[in-house]
Every structure is written in C-alpha cells, then in structure tokens.
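The listed protein sequences derive, respectively, from chains A and B.
Anchor point for the first sequence: position 20 equals 20 in this note's numbering, and the numbering is continuous, going up by one each time.
Anchor point for the second sequence: position 496 equals 496 in this note's numbering, and the numbering is continuous, going up by one each time.
No wet-lab data here; the hints were simulated from the structure.
All of these numbers come straight from a predicted model, not from anything done at the bench.
Built from N, CA and C at the ideal position, the CB exists for glycine as well.
Do not take every clue at face value.
Just some of the chain A residues that point at chain B, by a computed CB distance under 10 Å [said to hold, decoys possible]: (1) G92; (2) T96; (3) P98; (4) R106; (5) Q148; (6) A204; (7) D206; (8) L227; (9) E245; (10) R249; (11) D253; (12) V278; (13) Y281.
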Amino acid sequence: MLEQLKDIHRQAVEELDGVADAKALELWRVRYLGKKSSLTGALRSLAALPLEERRDVGARANEIKRDLESRLEEKERFLQQSLLTSPLASQGIDVTLPGRPIPTGRLHPITQTLNEICCVFRNMGFQTIEGPDVEWDYYNFEALNIPQHHPARDRFATLWIDAGAGAKARLLRTHTSPMQIRWMERERPPIRVIAPGRVYRYEATDATHESMFCNVEGLAVDRSITLADLKGTLFEFCRCLFGEERQVRFRCDYFPFVEPGVEVAISCAACDGAGCRVCGYSGWVETAGAGMVHPDVLRRVDIDPQTYSGFAFGVGVERISMLRHGIDDIRLFYSNDLRFLRQF
Amino acid sequence: MKVSLKWLNDYVDIRLGAEQIAEKLTMAGLEVTGIQTLGGTWERIEVGEVVAVNPHPNADRLRLATVELGAGQVTVVCGAPNIAPGQRVPFAGIGARLIDGRTGEAVSLKAAKIRGVVSEGMVCSEKELGISDNHEEILVLPPEAPVGAALSDYLGDVVLDLDVTPNRPDCLSVIGIAREIAALTGESLRLPEIHYEESAESIDSFASVEIAEPELCLRYCASLLTGIKVGSSPGWLQQRLSSCGMRPINNVVDVTNYVMLEYGQPLHAFDFHELRGGQMVVRRARQGETITTLDEVQRTLNTDILVIADKERAVAIAGIMGGSGSEVTAATDTILIESASFDQAAVRGGSNQLRVQTEASVRFDKGLNSDLPLPPLRRATQLLLELAGGKGARGIIDVYPGKSEPQFLSLTAREVERISGLQVSAAETIGTLRALGFECKESDSDSQIFVSVPYWRSDIKCSADLVEEVVRTMGYEKIPITRLSAQLPRQRAKLSPAQRRSDLRDSLRDMLTGFGFQEVLTYSLVSLEKLERLSPRRKLEAAPLSVANPMSREQEALRTSLRAGLLATVAHNRRSGTAGMRLFEIGKVFSSRGKDLPDEREMVCALLTGARSEMSWHGEGEVLDFFDAKGTVENMMNRFGSKAIFEAADDETFSAGRGASIVIEDERVGVVGEVHPSVAQAFELSGSVCLVEIDVEKLVTKITGAKQYRPILRFPGATRDMALVLDDHVSYRSVEDIIRSTLLVTQVILFDVYRGEQVPEGKKSFAVRIVYQSPSHTLTDEEVDRNQQQMLDRLRQELGATLRAST
Chain A
1 MLEQLKDIHR
11 QAVEELDGVA
21 DAKALELWRV
31 RYLGKKSSLT
41 GALRSLAALP
51 LEERRDVGAR
61 ANEIKRDLES
71 RLEEKERFLQ
81 QSLLTSPLAS
91 QGIDVTLPGR
101 PIPTGRLHPI
111 TQTLNEICCV
121 FRNMGFQTIE
131 GPDVEWDYYN
141 FEALNIPQHH
151 PARDRFATLW
161 IDAGAGAKAR
171 LLRTHTSPMQ
181 IRWMERERPP
191 IRVIAPGRVY
201 RYEATDATHE
211 SMFCNVEGLA
221 VDRSITLADL
231 KGTLFEFCRC
241 LFGEERQVRF
251 RCDYFPFVEP
261 GVEVAISCAA
271 CDGAGCRVCG
281 YSGWVETAGA
291 GMVHPDVLRR
301 VDIDPQTYSG
311 FAFGVGVERI
321 SMLRHGIDDI
331 RLFYSNDLRF
341 LRQF
Chain B
1 MKVSLKWLND
11 YVDIRLGAEQ
21 IAEKLTMAGL
31 EVTGIQTLGG
41 TWERIEVGEV
51 VAVNPHPNAD
61 RLRLATVELG
71 AGQVTVVCGA
81 PNIAPGQRVP
91 FAGIGARLID
101 GRTGEAVSLK
111 AAKIRGVVSE
121 GMVCSEKELG
131 ISDNHEEILV
141 LPPEAPVGAA
151 LSDYLGDVVL
161 DLDVTPNRPD
171 CLSVIGIARE
181 IAALTGESLR
191 LPEIHYEESA
201 ESIDSFASVE
211 IAEPELCLRY
221 CASLLTGIKV
231 GSSPGWLQQR
241 LSSCGMRPIN
251 NVVDVTNYVM
261 LEYGQPLHAF
271 DFHELRGGQM
281 VVRRARQGET
291 ITTLDEVQRT
301 LNTDILVIAD
311 KERAVAIAGI
321 MGGSGSEVTA
331 ATDTILIESA
341 SFDQAAVRGG
351 SNQLRVQTEA
361 SVRFDKGLNS
371 DLPLPPLRRA
381 TQLLLELAGG
391 KGARGIIDVY
401 PGKSEPQFLS
411 LTAREVERIS
421 GLQVSAAETI
431 GTLRALGFEC
441 KESDSDSQIF
451 VSVPYWRSDI
461 KCSADLVEEV
471 VRTMGYEKIP
481 ITRLSAQLPR
491 QRAKLSPAQR
501 RSDLRDSLRD
511 MLTGFGFQEV
521 LTYSLVSLEK
531 LERLSPRRKL
541 EAAPLSVANP
551 MSREQEALRT
561 SLRAGLLATV
571 AHNRRSGTAG
581 MRLFEIGKVF
591 SSRGKDLPDE
601 REMVCALLTG
611 ARSEMSWHGE
621 GEVLDFFDAK
631 GTVENMMNRF
641 GSKAIFEAAD
651 DETFSAGRGA
661 SIVIEDERVG
671 VVGEVHPSVA
681 QAFELSGSVC
691 LVEIDVEKLV
701 TKITGAKQYR
711 PILRFPGATR
721 DMALVLDDHV
731 SYRSVEDIIR
741 STLLVTQVIL
751 FDVYRGEQVP
761 EGKKSFAVRI
771 VYQSPSHTLT
781 DEEVDRNQQQ
791 MLDRLRQELG
801 ATLRAST
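Could you put together the complete structure from these sequences and hints?
Quick look at the structure:
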C-alpha cells in the first residue's frame with residue numbers, strides 16, 4: 001500500500017511538471033486530488049486495513065495530499081505569474097486593439113489661449129471684468145480722447161448700429177478699451193483688472209485680418225504706477241506665454257488714450273527675428289498696444305492725475321494663438337472647420 | 001511716407017547705416033516698415049558720356065553709340081530713340097547685373113553680337129536699372145553727372161518707408177524726419193536758406209484774397225510769379241520726387257510737391273490768368289455747385305465743403321484738390337502759389353463726403369499749425385524763380401484771421417520719473433527737449449522747467465506728452481523693468497453675480513467638453529436670412545439689431561440666437577465628411593431695446609447629430625437622439641445640484657411634440673428638442689439633429705453658491721422592481737411624481753419602456769426599480785410592502801395603472 005502511494009506521488013509530481021496552463025492544472029487536480037482520485041480512494045479504503053498499517057498509511061497519505069496541495073498552489077501562482085508576463089498567451093487579450101471610443105470634446109483654440117492669458121494676469125492680481133459688445137460712441141471713442149473728426153478714427157474702421165433719428169450713436173466696439181472708462185467710472189484706485197471680449201472692425205478679411213476678433217484689455221491705476229511697471233508686467237506676460245528664448249521689444253507708439261504710448265512686439269518665432277512672411281519681414285510681431293493712461297482720461301472719470309497714474313494695454317488673442325500654435329491664417333478660427341479645431 | 005536718405009542728408013548728417021537709423025526711428029515711434037536700396041546691385045555701371053551716335057550698318061532701328069567712360073571709349077549697339085551725343089548716361093559693362101527689359105528678371109550682362117556688330121556693354125533704361133518701368137528710352141542723367149563715376153555713388157540711394165502715426169503730421173515731411181534723426185543721433189538740423197529777389201511790382205496790384213469763413217480757413221498766404229516758363233524739372237528734382245513715390249509733372253507742380261514733401265505744407269499753384277478778376281475768396285461751396293478737379297472728375301459740392309473761388313466760380317476744393325480750369329499748363333506764364341491753413345475737420349469732412357484722399361488732404365486732416373504756411377511758400381517761390389525763371393512780385397498776401405497762440409507747458413524731471421520710472425536729471429530733460437526744437441527755461445526758484453512748444457508740434461498739449469518726448473528720445477530700452485508693487489485691489493467675492501456667471505461659464509465648458517462636445521465660436525454678426533431659417537415659417541419674432549454699414553449681407557445683423565451659427569457649422573463640416581458631431585458654443589445674443597444699448601444675454605447652445613460613437617470594432621453607435629440631448633442637460637443639472645423639470649414646449653425650431661422646456665423653480669431656463677426637418681433642410685442638413693439651448697443669465701440665478709452637506713443614509717435600503725401598465729398618453733413624469741412622493745422612497749430608476757405582446761393596444765408598460773431607505777432604522781418587509789401598496793393604490797386611482805409584475 002505504501003509502495004502504491006509512493007508511485008501515485010511520484011507520478012503526480014512528474015505530471016505536474018508538464019502542466020502548462022490552467023485547464024491542464026484543473027485536470028491534474030481532479031485526477032490526483034479530486035473525489036475520484038486514487039489518493040482519495042486510498043484514504044477511503046483505510047478502514048479496511050489493519051490498525052497499525054492504517055496509521056502508517058493514513059499518515060503517509062495525508063502527508064502526500066498536503067504535499068500535492070501545496071504543489072498545486074505553487075503551480076497556480078506560477079501559472080498566474082507567467083500569464084501576466086506573457087500577454088499573447090492564449091488567455092490574454094490583444095491590448096493593442098483600439099479601446100472603446102469615447103467622444104473627445106475640446107475647447108476652441110481661442111478659448112484655450114484666452115484662458116492662458118487670463119491665468120497669467122490673474123496670477124499678477126488682475127481680476128476679470130466684462131462689458132457690452134454694442135457700445136456708445138462715448139465709451140468707444142469720446143471718453144478715450146478720440147472725438148468726432150479725430151484722425152485716429154481712421155485706424156478704427158467702425159461698424160455702426162442702425163440708429164433712428166435723434167438717437168445717440170451706437171457701434172460695435174472696435175477695442176475693449178471702453179471697459180477702462182466703464183470700470184473707472186465706478187471703482188476707485190487701486191485698480192487692477194483685465195477685460196476680455198469680442199471686438200469688431202469694418203475690415204476686409206485676409207490671412208491676417210478679421211472683421212471680428214478677441215481682445216484682452218488690461219488696466220492698473222494706483223499711486224506711483226510707472227511705465228517701468230508696464231514694461232515689467234508685459235515682459236513677464238510674454239515670458240510666460242512664449243518662453244525665455246523670445247526677445248521682447250518695447251517701443252514708442254501712439255494711441256490717443258495713453259501717453260506715453262507703447263507697442264510691445266516679440267521676436268518672430270517663425271524666422272527667429274531674421275524676417276519672414278509671418279512678421280512682414282520685420283523680425284518682430286506686435287503682441288500688445290499699451291501705455292500710461294492719459295491724464296485727460298483719468299480726469300474724465302474723476303481720478304486726479306497728479307496723485308494717481310496707471311497703465312493700460314490691449315492684447316490680441318488671435319495673434320497670440322497664431323504665434324503659439326504656428327497658425328498662418330486668422331480666418332481659420334471662425335470658420336469652425338473641425339479638421340482645424342480637432343488639432344487643439 | 002517714403003523718404004530718401006540722400007535727401008535727409010541735406011538737413012542732417014547721417015553717420016549711421018540705414019538699418020540703424022530705421023531701428024532708432026522705429027523705437028522712437030516712427031515705424032520704418034521697409035528699406036529699399038536703390039543701386040545696391042549696380043556693380044560695373046558707370047556714368048558715361050555719349051560722344052558719337054552712328055547708324056548701325058545692318059539695322060535701321062539700331063544705332064552705334066560711342067561712350068566716353070573717362071578711362072577709355074566703348075562702342076555699343078543701342079535701340080533707344082532718345083540717345084544723342086553730349087548726353088550723360090548710365091553705362092553697364094560686361095558682368096553688370098541688370099533687369100531684363102522684356103522679362104523683368106535679373107540677368108548678368110554678356111558681350112553680344114547684335115546684327116553683326118559686337119556690343120561691349122549697354123546704355124541703360126530706368127527699367128534695366130530697377131528704378132521704374134520705363135523701358136522706352138534710355139535714362140539721361142543731368143549734365144553735371146561726373147563721367148567715370150560709379151552710378152551707385154552718383155544715383156544710389158536708400159529709401160525708408162515710414163508708417164507715420166496720426167499725431168505726427170510734422171513727420172509727413174523730410175525736414176520733420178530729419179529733425180527726429182538729429183535729436184536721436186545727437187546731430188544738428190540744417191534748414192534750407194531762403195532768399196530771392198522780388199520785383200518792384202507789389203502782389204497787391206495783381207491779386208487779393210478774402211476769407212469768408214475765418215473759422216475754417218485760419219490763414220491764407222500766396223505769392224505770385226510772372227513770366228515763368230513751364231517745362232520739365234531738372235533731373236535731381238525728378239529723382240527726389242520719384243524716390244518718394246510721386247510722379248514728376250512739370251517744374252511748377254513738381255516744386256509745389258517737392259516743398260510739400262520737404263516741409264509737410266501742401267501748396268497749390270494756380271494759372272493766374274484763369275483766376276477771373278484776380279480776387280480770390282475762401283468760402284463755403286454753394287449747394288449743388290460743381291467743379292471739375294485736376295483728376296478730370298466733375299464733383300458736386302455742398303455747403304459743408306470749403307472752396308477757393310474767383311469772382312465767378314470755385315477754382316479749388318480747399319485742402320483737397322485744385323480745379324482743372326486753373327491748372328498750370330505749358331502755356332502758363334503767371335502763377336499764384338497758395339500756402340494756407342484749413343480747418344482739420346472741414347478738410348476731413350469734405351474728403352470723406354467726396355471720397356477722395358490726396359497728399360494734401362491727409363496732411364490737413366491731421367492738423368497743421370497756422371504758423372507753418374509762410375516758410376514753405378517762400379521756399380517754393382525761391383525754387384520756382386531758380387527753375388522756371390520769371391519774376392516774383394513784391395511781398396506776399398498773408399490773410400491771417402486764426403493766429404494760433406503759442407503753447408507753454410511746465411515739467412519737472414521728477415514728473416518724468418513719476419510717470420516713466422526712468423531717472424533723469426533736469427539737464428537731460430532740457431537737452432532732449434531742445435534737440436527736438438522745444439524752447440526750455442529753468443525756473444530760478446524751484447525745479448520747474450518752462451517749455452515752449454514749437455508750432456510744428458500740434459500734438460503736444462500736456463506734460464504727459466513732454467514725458468513721452470523725453471523718454472522716447474532717450475530710448476524706451478532705457479526704461480527699467482519693474483514689477484507692480486502697489487497694493488492688490490480687493491478681490492471679488494465668490495458669490496458676486498459677475499464671478500458666479502464666469503464660474504458657471506467655466507463649468508459649462510468643462511462639462512460639455514467632458515461629455516465629448518467640441519467648442520466652436522461663430523460670428524456675432526449673421527444674415528437675417530439665416531436667422532429666418534430657424535423657423536419653418538421663415539419669419540422672425542422680433543427684428544434683430546442691424547448694422548448701418550455692413551461689410552456684407554452675411555454680416556448684416558446681430559445674432560438673436562446661437563442656433564443659426566451652430567447649424568451652419570454642422571452643415572459646413574458635413575460637407576467635409578464628418579459624420580457624428582457634438583458641438584457647442586457659449587456666447588452672447590442681442591435683442592434690441594429701442595434707442596438704448598441692446599440686451600446682451602449669454603447663452604449656451606449645443607447640437608448633437610449623427611452617430612453616437614465613431615465606427616469601431618466594438619460595433620457602430622446608434623444615432624444621437626433627443627434623449628442624448630436631454631441626458632446632457634440632466635447630467636449638467638445634477639452636477640449643479642439643480643432640479644430641472646422638462647415640459648412639452650412649442651418652439652418653432654423643433655418638430656411638433658418633440659421639444660421640451662427646461663424648467664427650474666417654475667422658470668424656463670432653456671429648451672431641448674429635435675430640430676424640425678424643414679429647418680434642418682434649410683441648413684442643408686438631413687437626419688436627426690438635436691439641440692439644447694440654455695440661458696446662462698437665468699441659469700446662474702438658479703444655482704446655489706456652496707452646496708450644503710446632507711447626512712449619508714447609513715441603514716440598508718430595500719429594492720422593489722415592478723412593471724406598470726398604463727394608457728399611452730400618461731406621461732412618465734406623472735408616474736414618477738407619485739412614486740417619489742411615497743414615504744421613504746429615495747431612488748426611482750425606469751429601466752424599461754415596452755409596447756407590444758402582453759400589453760394591450762393603446763397601452764404601455766413601465767418597468768421601474770424603487771429603492772426605499774430610512775435615515776433611522778433598517779426597514780422591515782412589512783414597512784416596505786405597506787408603502788408600496790399605498791403607492792400602487794394611488795397609481796391605480798390617479799393614473800389607471802395596473803400591475804403587470806412585481807418582485
């Protein structure tokens with residue numbers, strides 16, 4: 001009997017060696033540890049044996065059973081392990097098959113750029129404010145030192161709203177600067193705000209001109225704000241959005257509602273400042289118009305220009321998005337071709 | 001404004017290269033947008049003298065020209081009709097780079113045998129030199145051109161193209177730009193010296209000027225020349241005009257243009273014999289009065305337009321253009337030269353009304369000071385006497401009703417620093433201002449600097465303007481870079497309406513993109529026709545606000561809805577073959593409020609159409625339908641913690657019975673529905689298109705600020721499933737309302753809607769799972785059964801429901 005048990009054990013161990021997958025292992029378990037296995041049979045037939053032999057055989061059979069059970073466990077672990085490490089084994093999945101499609105939603109590149117711009121300024125303490133797209137002539141022009149017949153009006157080709165007789169002139173704002181006036185009419189310094197929004201121009205469209213685009217106005221007014229602070233703020237803005245490697249140029253320019261006036265440009269990323277089609281062969285791309293708030297503008301909203309000073313700037317969102325993403329035609333933004341939008 | 005460096009050199013020594021000058025001007029506010037080098041490629045091209053012209057032995061139209069080059073003579077074949085002995089001409093040797101007269105391409109000149117005669121070079125036309133398109137004739141140089149000199153030394157030049165801002169009419173002149181360069185490079189400015197001899201006869205004996213509108217014509221100066229000879233201008237004058245982009249015409253017109261470019265003051269020359277009576281008057285045009293201007297256009301005037309008139313008729317439109325009736329011609333021998341100061345707004349208005357812009361009108365409309373006219377008038381008179389001969393009448397006419405007061409301002413170096421952050425001394429401030437032509441005087445008692453503004457700087461009106469002058473001339477690059485150090489303003493509260501609206505907009509964008517919607521941005525301006533397409537009747541409820549001067553019909557009105565833009569976007573993308581689409585836009589719509597500014601409301605609109613998911617090996621998605629749209633809304637409302645009710649709605653964009661209002665707290669905040677097939681068709685769309693539209697301004701009022709915590713139910717719940725049979729017309733909401741109002745019900749899930757076998761005609765079956773849960777104890781079966789029974793009784797009594805099955 002003991003001999004028989006020894007054979008069973010040897011055979012089971014040998015056979016287990018050859019087991020390579022879970023299915024074979026189950027067959028092995030049934031054969032050697034199942035209810036109908038010879039080992040179970042041997043244990044069942046113990047009763048028929050003489051007492052002494054029964055004890056020996058019983059102990060031996062149980063010992064073999066435990067040994068086989070522990071070998072089974074070990075084998076199971078081994079098989080599981082090898083399953084994890086061999087992906088193309090019969091029971092694995094082809095993980096290179098495409099996943100179940102989940103529709104992808106994206107923000108419009110202008111929204112993305114606008115969020116980035118606002119985030120940079122928010123970190124510098126600027127709060128976001130908003131105002132109307134349809135404006136009074138007063139806020140868009142008069143209050144900003146651009147009275148009727150001012151030659152600077154030529155630079156703001158304006159879309160006017162149909163007006164009945166005797167109505168005050170309304171227009172589609174040509175810049176977000178009216179928000180300077182609206183905000184300063186109700187708030188006192190310290191002021192630090194940005195005002196994003198759509199602006200409109202009577203302008204034929206081409207690769208660099210749109211009749212509608214998005215601006216971000218900035219305004220900071222307090223005691224002792226200087227042109228140097230404006231330079232610092234806009235240089236920091238350019239560094240955040242375009243990186244250290246772009247040069248920033250701060251030059252004199254003219255806008256009637258600021259004095260001194262400034263144009264901020266960054267070195268063209270397309271040609272690295274050498275001059276190309278993107279930058280009109282100048283090596284520079286304008287990113288903002290800016291300056292110190294004109295004393296007449298401050299006076300108009302009852303802020304004393306002797307005590308307070310401030311800066312204002314206007315940033316074109318499309319231009320920045322084009323520079324950031326290498327887009328060469330502004331018309332792509334509002335044509336809403338999904339082949340374009342899905343790239344961002 | 002184009003300006004030649006050679007010309008500038010007359011007034012200021014230019015020691016820097018063109019690039020550096022351009023850089024300095026640009027930084028200081030005069031942007032140089034282009035630099036053209038004339039003669040940069042003129043190697044092996046010299047000034048030669050034609051010493052002999054002989055016929056070509058084998059060709060009638062060709063001749064053999066012998067050209068003296070100083071170092072020797074060369075004979076070349078020439079086809080130009082105007083070549084003649086004694087001329088100084090540009091001569092190109094073998095290897096010179098020229099523009100091919102026919103093809104316009106750059107070529108290298110080779111020795112050639114033309115009809116049997118070897119030609120060792122070429123006498124060049126303007127086109128071949130790249131100066132102009134003239135290829136009919138050879139370029140004849142002035143007789144003073146030095147034979148043997150390199151042409152680039154004699155004729156080469158660099159032309160800067162400047163974008164002059166509207167505040168600087170003084171820089172629409174060579175002297176103005178020279179003054180800038182002088183100040184920026186530390187050089188001094190040289191103005192032309194003007195003196196000429198006058199004849200004994202006084203101008204007053206010929207002509208008189210009366211200003212009938214002293215408000216509109218601040219000054220009128222005139223000089224008179226008799227016995228002049230009209231002809232072509234000398235080469236140097238023509239060259240300078242050409243370099244600035246003006247065409248030479250005759251010596252009289254050329255001089256007036258030359259002096260305008262030089263000083264920035266427009267001048268006009270009249271043929272004096274055509275001015276009837278010699279009595280000039282500056283007056284408003286009569287209503288309907290006509291004049292034929294120099295461009296041969298007959299223009300009808302009105303009383304807003306200022307004219308110069310003789311006894312009988314208007315002879316010029318003031319500040320804009322002269323009349324052809326008094327134009328200077330070859331026969332002219334007596335001229336009256338006008339140098340006047342017209343009101344900026346009057347010229348601007350006239351120019352806008354007549355839709356004509358001239359070199360004169362663009363200068364006047366930027367505001368020229370009334371002190372300006374005299375020096376240029378004298379300069380032009382001097383040049384004309386030199387170039388056209390004749391005699392200058394004694395004196396000038398100077399009617400000056402609008403004498404301008406000189407401007408005095410004061411400034412301190414501290415003020416410069418307060419505004420710019422740039423530390424400057426009083427001496428630097430004064431030095432800089434003086435270099436620009438400002439007169440400065442330092443106060444004895446304090447640090448004030450008294451500044452007198454020169455007449456040509458009409459743009460300088462306050463101390464901030466002076467700060468800019470100082471800083472831009474010293475260089476913006478010297479301004480330090482500092483961070484805002486002032487205190488932060490008070491931050492806006494999280495619960496303020498503006499902040500809540502912007503937060504809501506951000507969450508809507510996050511959610512919709514998370515649900516797989518692509519954001520689009522469409523124009524605020526649309527065509528009326530597109531808005532009309534949103535209703536099957538093609539009619540608008542209320543007239544949108546329209547643009548008075550639209551660019552096109554496509555952009556004639558302000559949108560009253562985002563729907564049209566989105567539907568058109570879908571159509572646009574369908575054409576390029578994108579099947580399933582989920583799109584949204586958040587933006588403003590506009591509705592008129594009479595003469596006031598319109599109501600601008602922010603809306604969110606989303607569109608769903610096509611396959612629910614892309615084609616894949618997991619099986620193709622079904623078509624997006626109403627319930628996808630509604631599910632989107634429900635999901636958003638869940639996230640906001642708002643309870644929205646959906647009620648059948650009649651909205652013209654939707655198919656009848658297939659649209660719903662989204663109602664929160666008894667207010668309709670939006671709609672969801674299936675787009676009417678005829679509306680879809682109008683946008684060239686077919687198949688199911690579903691649309692969601694929510695008024696952001698209304699929604700924001702429905703969303704509570706910070707959500708409040710409710711205790712979690714810790715005791716286990718009990719679940720009951722049941723199938724109810726109901727009449728077809730009974731809405732699910734009425735069923736759910738009864739279930740939800742039952743005690744201890746915490747959750748209701750509709751998991752099947754069935755019509756067909758085992759359900760009678762005209763009926764339907766709802767399979768519902770109901771979860772009961774108590775906050776205080778574990779529920780017993782009896783409790784649940786009791787509530788379930790009460791609920792079923794109500795469903796039976798109120799809705800006629802019967803139970804098909806339950807567990």
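A quick look at each hint next to the structure:
Interface restraint check: G92 (chain A) against chain B, minimum CB-CB distance 17 Å, threshold 10 Å, status violated. Contact between T96 (chain A) and chain B, as hinted, is not supported at the beta carbon level, the nearest pair being about 12 Å apart and thus beyond 10 Å. At a threshold of 10 Å, the smallest CB-CB gap from P98 (chain A) to chain B is about 6 Å, leaving the interface hint in force. With its C-beta approaching chain B no nearer than about 6 Å, R106 (chain A) sits inside the 10 Å limit, and its interface hint holds.
Hint status for Q148 (chain A) relative to chain B: holds, with the closest Cβ pair at about 8 Å, below 10 Å. Checking A204 (chain A) against chain B by beta carbon gives a least distance of about 7 Å; that is within 10 Å, so the hint holds. At a threshold of 10 Å, the smallest CB-CB gap from D206 (chain A) to chain B is about 13 Å, leaving the interface hint violated. At its closest, the beta carbon of L227 (chain A) sits 4 Å from a beta carbon of chain B; the interface hint therefore holds under the 10 Å criterion.
For E245 (chain A), the interface hint is violated, the least distance from its beta-carbon to any beta-carbon of chain B being 17 Å, above 10 Å. Interface restraint check for R249 (chain A): the shortest CB-CB distance to chain B comes to about 8 Å, inside 10 Å, so the restraint holds. Interface hint at D253 (chain A): satisfied, since its Cβ lies 6 Å from the closest Cβ of chain B, which is below the 10 Å cut-off. Look at V278 (chain A): its Cβ only gets to about 15 Å from chain B, farther than 10 Å, so that hint breaks.
The interface hint given for Y281 (chain A) is met, as the beta carbon of that residue sits about 8 Å from the closest beta carbon of chain B, less than 10 Å.
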